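**Q** Here is how the chains run, residue by residue.
There are 2 protein chains.
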Amino acid sequence: MKPVNIGILGLGTVGSGTARVLQDNAAEISRRLGREVNISAVCDSSEEKARTVCPAAAFVKDPFELVQRTDVDVVVELFGGTGAAKDAVLKAIENGKHIVTANKKLLAEYGNEIFSLAEQKNVMVQFEAAVAGGIPIIKALREGLAANHIQSIAGIINGTSNFILTEMREKGSAFAEVLKKAQELGYAEADPTFDIEGHDAGHKITIMSALAFGTPVNFNACYLEGISKLDSRDIKYAEELGYRVKLLGITRKTDKGVELRVHPTLIPECRLLANVNGVMNAVRVDADMVGETLYYGAGAGALPTASAVVADIIDICRLITADPGNRVPHLAFQPSQVKAQPMLPMDEITSSYYLRVQAKDQPGVLGQIANLLAKENVSIEALIQKGVLDGSLAEIVILTHSTVEKNIKTAIAAIEALDVVYAPVVMIRMESLHGRNG
Amino acid sequence: MKPVNIGILGLGTVGSGTARVLQDNAAEISRRLGREVNISAVCDSSEEKARTVCPAAAFVKDPFELVQRTDVDVVVELFGGTGAAKDAVLKAIENGKHIVTANKKLLAEYGNEIFSLAEQKNVMVQFEAAVAGGIPIIKALREGLAANHIQSIAGIINGTSNFILTEMREKGSAFAEVLKKAQELGYAEADPTFDIEGHDAGHKITIMSALAFGTPVNFNACYLEGISKLDSRDIKYAEELGYRVKLLGITRKTDKGVELRVHPTLIPECRLLANVNGVMNAVRVDADMVGETLYYGAGAGALPTASAVVADIIDICRLITADPGNRVPHLAFQPSQVKAQPMLPMDEITSSYYLRVQAKDQPGVLGQIANLLAKENVSIEALIQKGVLDGSLAEIVILTHSTVEKNIKTAIAAIEALDVVYAPVVMIRMESLHGRNG
Chain A
1 MKPVNIGILG LGTVGSGTAR VLQDNAAEIS RRLGREVNIS AVCDSSEEKA
51 RTVCPAAAFV KDPFELVQRT DVDVVVELFG GTGAAKDAVL KAIENGKHIV
101 TANKKLLAEY GNEIFSLAEQ KNVMVQFEAA VAGGIPIIKA LREGLAANHI
151 QSIAGIINGT SNFILTEMRE KGSAFAEVLK KAQELGYAEA DPTFDIEGHD
201 AGHKITIMSA LAFGTPVNFN ACYLEGISKL DSRDIKYAEE LGYRVKLLGI
251 TRKTDKGVEL RVHPTLIPEC RLLANVNGVM NAVRVDADMV GETLYYGAGA
301 GALPTASAVV ADIIDICRLI TADPGNRVPH LAFQPSQVKA QPMLPMDEIT
351 SSYYLRVQAK DQPGVLGQIA NLLAKENVSI EALIQKGVLD GSLAEIVILT
401 HSTVEKNIKT AIAAIEALDV VYAPVVMIRM ESLHGRNG
Chain B
1 MKPVNIGILG LGTVGSGTAR VLQDNAAEIS RRLGREVNIS AVCDSSEEKA
51 RTVCPAAAFV KDPFELVQRT DVDVVVELFG GTGAAKDAVL KAIENGKHIV
101 TANKKLLAEY GNEIFSLAEQ KNVMVQFEAA VAGGIPIIKA LREGLAANHI
151 QSIAGIINGT SNFILTEMRE KGSAFAEVLK KAQELGYAEA DPTFDIEGHD
201 AGHKITIMSA LAFGTPVNFN ACYLEGISKL DSRDIKYAEE LGYRVKLLGI
251 TRKTDKGVEL RVHPTLIPEC RLLANVNGVM NAVRVDADMV GETLYYGAGA
301 GALPTASAVV ADIIDICRLI TADPGNRVPH LAFQPSQVKA QPMLPMDEIT
351 SSYYLRVQAK DQPGVLGQIA NLLAKENVSI EALIQKGVLD GSLAEIVILT
401 HSTVEKNIKT AIAAIEALDV VYAPVVMIRM ESLHGRNG
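Those protein sequence lines, which keep their order, are chains A and B. The first sequence maps to residues 1 to 438 in the UniProt record's numbering. The second sequence maps to residues 1 to 438 in the UniProt record's numbering.
Because the hints were derived from the structure by calculation, they are not lab data. Note that the structure is a prediction, hence the values are computed from the model and not measured. Some clues are possibly wrong.
Just so you know, same-sequence chains aren't split out, so a pair can sit in one copy or run between any two.
[Said to hold, decoys possible] Okay, derived cross-link-like pairs now, PhoX-like style, lysine-lysine, Cα gap no bigger than 25 Å in a straight line: (1) LYS229 with LYS180; (2) LYS409 with LYS236; (3) LYS229 with LYS386; (4) LYS229 with LYS171; (5) LYS86 with LYS339; (6) LYS256 with LYS409; (7) LYS171 with LYS386; (8) LYS236 with LYS181.
With the hints as extra help, turn the sequences into a complete structure.
**A** The structure is reproduced here in C-alpha cells:
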C-alpha cells in the first residue's frame, strides 16, 4: 500500500519534533498502521532548516502552495497563532485536505468556523496536541468517555505556571524570582504573559468545555486570572491548612449554565491533582457513569507534543485506509507484525529489593549479612536495624540497589543458612518509577 | 438512520450496568453518535431478571441462538469466564457479529485464537472494559500513544488488593482482618483468591503487554505473586523509609526480553501511583517520545465498567456507520447537536474561598469581619490569625464554605471599607474536587 503523504507547515519546536518522531519511529509506526507515512513537503521561513530537518521533502515557500499540492494528503499546521495559520488551514480544508494541528489559539478562537467548513468538505481536523501536549485527553473526551454525561473538568494545563507554583511552594521564593529561573531554564518565554496570565490555559479549557458539553467553542466567555499577583505567603498559609495552590482551568455544567474559568485555586493536598508538580500537566474529568478519571503527562515540549501530532496523523491514516472494520488492529499492531518476543523468567529480571531479616541480636550479624550480599554483587542503598523484638531477636531492614533477581535469591538463601538468622527472609521488590521529570 | 442492534450475553453486575447506561444516557449517546443504540436481545439464566432489566428486548435462553439472530449487529459478552463465553464469542465471530467484551480472562488466555478468527471474518473485538474498568487505557495504548515505542507499563489494576493495602497502611491492620472488612463492604468476593493472588491483575497486564510491544498474548509467561502473605510490619517499615507497597502489574521491554509480572512492590511515596488509594486503579505508561503518562479512575463497579463497554459499542457503531471521514465528530457531538448553553458570568459561579485580610491588631476586628461575611450568607470553614507582622498588623486567613461569587465580592468590599483593615483583601478560589471515592 502506498505511503500517506504529509505536508508540514512550520518547523519550529513542535514541527521539528514531529519530523523526528516520524523518522525515528517510522518502523514502529508502520508496524501499527500497515502503511508508511511520508513527509512530502514542508514550509518554513528558513529553507536551510527545512533542508536539514526534512532533507527528502520538497521545500515550499508559500503555505498556500503547500496546501494545494497533489502530493499532500494531510496538512500538519504547526505555525501557531491566528494569522497565516488560519488562512492556510481554511484553504487546505477548501482543497479537501485533512488537518492536524497543535494550535489551541486558532481552535479556541476560530474553531466553529473551521469545523463547520471541515464538515461541508468532509475532512477531518484533528487536534490532540492542542490540549495538554502528549496526554491523549481529546481522545478520552470524544471517544473513551462517550457513554457519559460529562459533568466537569479541572486541569493543570499550563506547564510554565505549574513549574512556577511548584518552585514557589517548595522554596518559598517570590513569583518574580521563580519566573526568572523558569526563563533561564527555557520553561518560560521572554514575554511570559500568555502562559502566566492564563490565556494559554483559557484556550485549552475552552476547547475541552465544548467537547464535554456539546457547545460551540466560546473563548470570549472564559474568565482568565493568572498567577503573577500570587504572594508566596498565601501559598504557605494554604499549605499550613492542608491545601496546594494550582492554576486550574475549570469548566462545569450547572443547572444555570456553564462555568468556564482559569484562576489560581486551592485544592486539598490529598488529591492527585495537588501532587502534579513541575512542568507536568493533568486533567481530571468527572462524568456521571464512570465517576472521576484523571490523565497525566507532559503538557509541552517538542517530543511529547509531537507524540500527539503523530497519533492524530495515524488516526487519519487509519481512517482513509480502506477496510474501516480493521481501523485499529486488535493487538495494536498489524496482525502480520505481531511477533513473539523472548519472555524473561523471573530470575533474569532487574529490580531493587526490600529485605527484612530476623536474626539473633549479637555482634557481627550485620557484617555477615552485608558480606553475603556483596558476594552476589548486591549493593545496599539503606540498612536500618529495627527495635529488638523480645530481647534477643533483631530485625534488619535492607533496601538494595538494582540487581538481577537470581543474585538476590542466591544471597537470600545464603543469609537464611546463617546460624544467627531465623528464616525466611522477607523479600519485596521495589520500583523507583523514575520518569524524565523525576 | 436506523438504530444499531445490540445483544447482551449476561445480565450480572456489568450487564445490568450496561443496560442502565444505554437507557439512562440514550439521548446523550445519540447526540454523539447520530443514531440510536437498541438492546434487541438478551440472554441470562434468569428470565425474570432479563424482563426487569431490559423489558423491550427479546429474551433468549440459548447464547448460541442470540449470536445468530439477524436483529443483533453487535454481541456484548458479559458472562465472564472461559466456558460458555468462549464458545459464544467464537460462534458470534463466525456469524460476522462484532464483539464487545469485558472478559480479561478470556482474552488473556484465548485472545490469540479469538483475534485471529476476528481478522478472518473482518469483525471488531473491542475490550476496553477488560482492563482497568472505566479508564480508557486500551484506547490510549492502541491509539493515543501510537507514535511511540512503548517501553514499560506499571499499573494498580486490582481494586480489591489496593483497598486492602490502603487499609493495612492507614490502620496498621493485619491482612486477614482487612480482607474480612473488604468482603463485608462487597469489595472482595467470598473466595477472594482470584483478586488477592494476582490472577486478575495478571490477566490485565498480559493484555496490556501484548498491546504495548506487538506480541501475542501470553498469560502463561506471567509471574504471579499476590498480597496474602504481606505482613503489615513490612508496610510500616517501607513507609518509614519513604515508600508505599502496591500490588503492581509490570511489563517492560528489555534488550534480553519482555518482563511480565505481578507482585507487591515498594514505590517512592512521591510518585502519583503511590497515592492511588482505596479501590481506585491507575496505569502508568513510559514511552520513548511522550515520556511518562498516567491514567487514573475506577477499575471496577457496574457503572464505570459499563462506561467502557458502551464506549466500545459507540466505537463500533461509528465505524459501521457510513462516512468514515466523520467517524468522530470534531466537537464530540454531531454538528446538528452542538448547542450553545448559557455561560455563567463569574459573579454567578459557586466556589469556596481563601481570604487573607491584613488588619490592625486590636480587639473586635475578627468579629467585625465575621459579621460582614455572615451578612452575605458566607459561612466560615476555618479562620486562623497569623503572627502579627510588625507589632500592629495582624493577618487573618479565612476559608469559607461554598457560596456564590457575588456574595463573597460584596463581603470583601465591605471588609475593605472597615477602618481597621488595610485593603486589598487577598481572595483565592478553592475547589474540594471530591470524587465518588473521596
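**Q** Each hint should be assessed against the structure and marked as holding or not.
**A** How the hints compare with the structure:
1. LYS229 with LYS180: Close inside one copy (15 Å), not across copies (52 Å); limit 25 Å.
2. LYS409 with LYS236: between (47 Å within a copy, 23 Å between copies)
3. LYS229 with LYS386: Answer is between; shortest inter-copy Cα gap is 21 Å, intra-copy 49 Å.
4. LYS229 with LYS171: within (18 Å within a copy, 42 Å between copies)
5. LYS86 with LYS339: Intra 44 Å, inter 24 Å, cutoff 25 Å: inter-copy only.
6. LYS256 with LYS409: Between copies only: 20 Å across, 63 Å inside.
7. LYS171 with LYS386: between (33 Å within a copy, 20 Å between copies)
8. LYS236 with LYS181: within (20 Å within a copy, 39 Å between copies)
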